[in-house]
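Model the full assembly from the supplied sequences, consistent with the hints where possible.
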Amino acid sequence: MQGREQPVARAGHPHAHDGTDRSGMVGHAGHAGGGRDGHGAHGGHGGHVARFRRLFWVMLVLALPVVALSPMFAMLVGYEVPPGLVWVAPVLGTVIYAWGGSPFLAGALSEVRSRRPGMMLLIGLAITVAFLASWGATLGLLDHSLEFWWELALLVVIMLLGHWLEMRSLAQTTNALDSLAALLPDTAEVVRGDTVEKVPPADLAVGDVVLVRPGGSIPADGRIVDGEAELDESMVTGESRTVRRGPGDPVTAGTVSTDSGLRVEVTAIGDDTALAGIRKLVEQAQASSSRAQRLADRAAAWLFWFALGSAALTGLAWSLIGQPEQAVVRVITVLVIACPHALGLAIPLVVAISTERAARAGVLVKDRAALEAMRRVTTVVFDKTGTLTRGAPALSGVEVADGGLSEHEVLALAAAAEADSEHPLARAIVNAADQRQLSVPSATGFTSQPALGVTAQVDGAEVRVGGPRLLAEHDLPDPSDAPETGSEGLTRLFVLRDGSLLGVLSLADEVRPESAATVAALHRSGVKVAMITGDARAVADRVAAELDIDTVLAEVRPEDKAAKVAELQAGGERVAMVGDGVNDAPALAQADVGLAIGAGTDVAIASAGVILAGDDPRAVVSVIELSKASYRKMKQNLWWAAGYNMVAVPLAAGVLAPIGIVMPMEVGALLMSLSTVVVALNAQLLRRLDLRPDRLDVTGQPEAA
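1 is the number of the first residue of the sequence shown in my numbering; add one for each residue after it.
The reader is advised that the hints may include incorrect statements.
The following label-pair restraints were derived from C-beta to C-beta distances [unchecked claim]:
hint: 1; residue 1: Pro513; residue 2: Leu438; range: 18 to 26 Å
hint: 2; residue 1: Pro247; residue 2: Pro513; range: 20 to 28 Å
hint: 3; residue 1: Leu656; residue 2: Arg113; range: 32 to 40 Å
hint: 4; residue 1: Gly404; residue 2: Asp434; range: 20 to 28 Å
Only pairs whose alpha carbons sit at most 25 Å apart, straight line, appear in this in silico DMTMM-like list of lysine to aspartate or glutamate [unchecked claim]:
hint: 5; residue 1: Lys528; residue 2: Asp541
hint: 6; residue 1: Lys528; residue 2: Glu546
hint: 7; residue 1: Lys198; residue 2: Asp271
hint: 8; residue 1: Lys528; residue 2: Glu510
hint: 9; residue 1: Lys198; residue 2: Glu230
hint: 10; residue 1: Lys564; residue 2: Asp541
hint: 11; residue 1: Lys528; residue 2: Asp694
hint: 12; residue 1: Lys528; residue 2: Glu567
Hints are computed from structural coordinates only; laboratory data are not their basis.
For each residue, glycine too, the CB sits at the ideal point set by N, CA and C.
So this is what it looks like as structure tokens:
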């Protein structure tokens, strides 16, 4: 995505004035390799929650006597303040202003220094006007005798309550992402000769071999050197089902071995682990700017001057009609109620929650603008190999010759002959026999000849598996007269026993079982699906027909993929490109949104705005749903925040005073805090969004609970 802008300071956050930490996430990267101690050393929003909670309760206790002993409150209730206690309200009110109001006063000073006026400056002005006016009345320096100590006390208490609730909302998001790092074990067991030594994960080195016990977490990225286990990889891929991993398979820090012990050779530690990469990408997304965020930033800045101008006009108008006391009250109320707190929170909280929810589902948003653009996508282009298909051969059929054997018997003999081969076609045959739980006989004397295939002795007979040249060597006709690679992209292998043809195995690049659900779900959302591949037209058409794909771009050279995407864009389509390889990088960059799937390559990830940690294409549907849901919440929050101010400011100024309706100052403070709570609660509803790829059934519908 070109032309990305740097984030600007959020209006209204006393703890994030540098413009880089919208949600308290900056500073997490790099802690993932150190266990729980490594990631938990910072306070984050948890410190702000504790601070505002403590201040709220202390100020509430101090505010009670201020209210009870305020002359105005006593007059309203109908009792007299004892002469010896008249100074309690001014003294405690000063403490409340200086101590309870310190976060707002510090924030106001920071906004003045940065020349970015916002919510903190408005609150600071409001409580300072109330403080000075109250002392002026108490000391007899002003013409009026009205004191505002109890209003000042309640104003500060209500503002602290609003900020406490806000910090709790933000802390939930921060803590949820922190829990990713908490998946790491406190200690790692390093195998050193015949002994096992416990060390912190931060002390591991590349090349160490660690012991992972059943039910334990893997402490660092690595490769299995001994053992097989069902791994829970949901924290990376979002998939709830476990995955079988064995020797040679890569594993990710934080994943859990659910049933067996493993020995893992460490290949990456610290900032180089996938877990650290996830955190960095999420932080990058939360720091990136989107069009909606930039609009909210400008609106919050405009609102400051609108509030300041409204307060000045309000004070002037009430003074001109001879009511200076009301002028002070109305000015304070306007300043308080116009605080752009809800507006400043409208977008950042949605950003924080949506990126955290996405990360938990294996969707890593690298660029917020890319996620925002996904809701407008009209066509999703999938690279075929490795995305819609597994990129590896699988058995698609068995034809039996006139030998009296069943399909299972032919497959079992072929699997026996291929058992010692590492060729991808051999692995596909052996895997097919395993999946069917066939009884595969043992074989001896395995040999392999290029272009001819393999030979082995099975139950005293010579079993050979190979292509058409094997038939030619034995002077046997091809039973179907098909070439080695058929018109539909099938590879055919022939099974012979003692020179007689037993059957034909057909293999092809296997279509992922999740691909059909992906296409169906996209169609249901009104999104067209295209497939791009360098394969022959017949091969591409076979896959497209199986998946009901709308547009097939076949026989496309890697360097021409970006041009094909551009052609779709020239036709008015908003294109999302999904790919996993180096040759997909130009197309990912050309598309309106690029999505790298299955962790992909470094080049593909660098060109993509969204990264799908797993290899399940259904995650693309999750990205679109998240884009629509988060944008909907942003719009709702912005409309609420803006509409609230348009209605509340005139009421605070006293436009309805002629008919006897005047908004009290403390009600203004309460409404301002409530508006913030509404925005925060609305954003929290995003947590109900289920983004797990495996929630979709084979028809693309969400599975019933």
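Hint check: Lys528 vs Glu510, CA-CA at most 25 Å. Holds or violated?
The given pair, whose Cα atoms are some 23 Å apart, holds under the 25 Å limit.
Given pair status - Asp694, Lys528, alpha carbons within 25 Å:
holds (21 Å)
Distance restraint between Lys198 and Glu230, which requires alpha-carbon spacing of 25 Å or less
holds (24 Å)
For the pair supplied as a hint, Lys528 and Asp541, is the alpha-carbon distance within the 25 Å limit?
Roughly 16 Å between the alpha carbons, so the hint for Lys528 and Asp541 holds.
Within 18 to 26 Å or not, the Cβ separation of Pro513 and Leu438?
21 Å Cβ-Cβ, so the 18 to 26 Å window holds.
Holds or violated: Lys528 to Glu567, with C-alpha atoms at most 25 Å apart:
Distance of about 15 Å is within 25 Å: holds.
Do Gly404 and Asp434 keep their Cβ atoms within the hinted range of 20 to 28 Å?
For Gly404 and Asp434 the Cβ distance comes to about 25 Å; the hint holds.
Could you grab the alpha-carbon distance between Lys564 and Asp541 and see if it respects the 25 Å cut-off?
Within the cut-off at roughly 17 Å; holds.
Are Leu656 and Arg113 spaced within 32 to 40 Å by their CB atoms?
holds (38 Å)
Hinted pair, alpha-carbon criterion (25 Å max): Lys198, Asp271. Please report holds or violated.
Holds. Lys198 to Asp271 sits at ~21 Å (cutoff 25 Å).
Between Lys528 and Glu546, does the CA-CA distance stay at or below 25 Å?
Given that 25 Å is the threshold and the Cα spacing comes to 16 Å, the pair holds.
Given a hint of 20 to 28 Å, does the C-beta separation of Pro247 and Pro513 actually sit inside it?
holds (26 Å)
Checked against the numbered hints given earlier, this structure breaks none of them.
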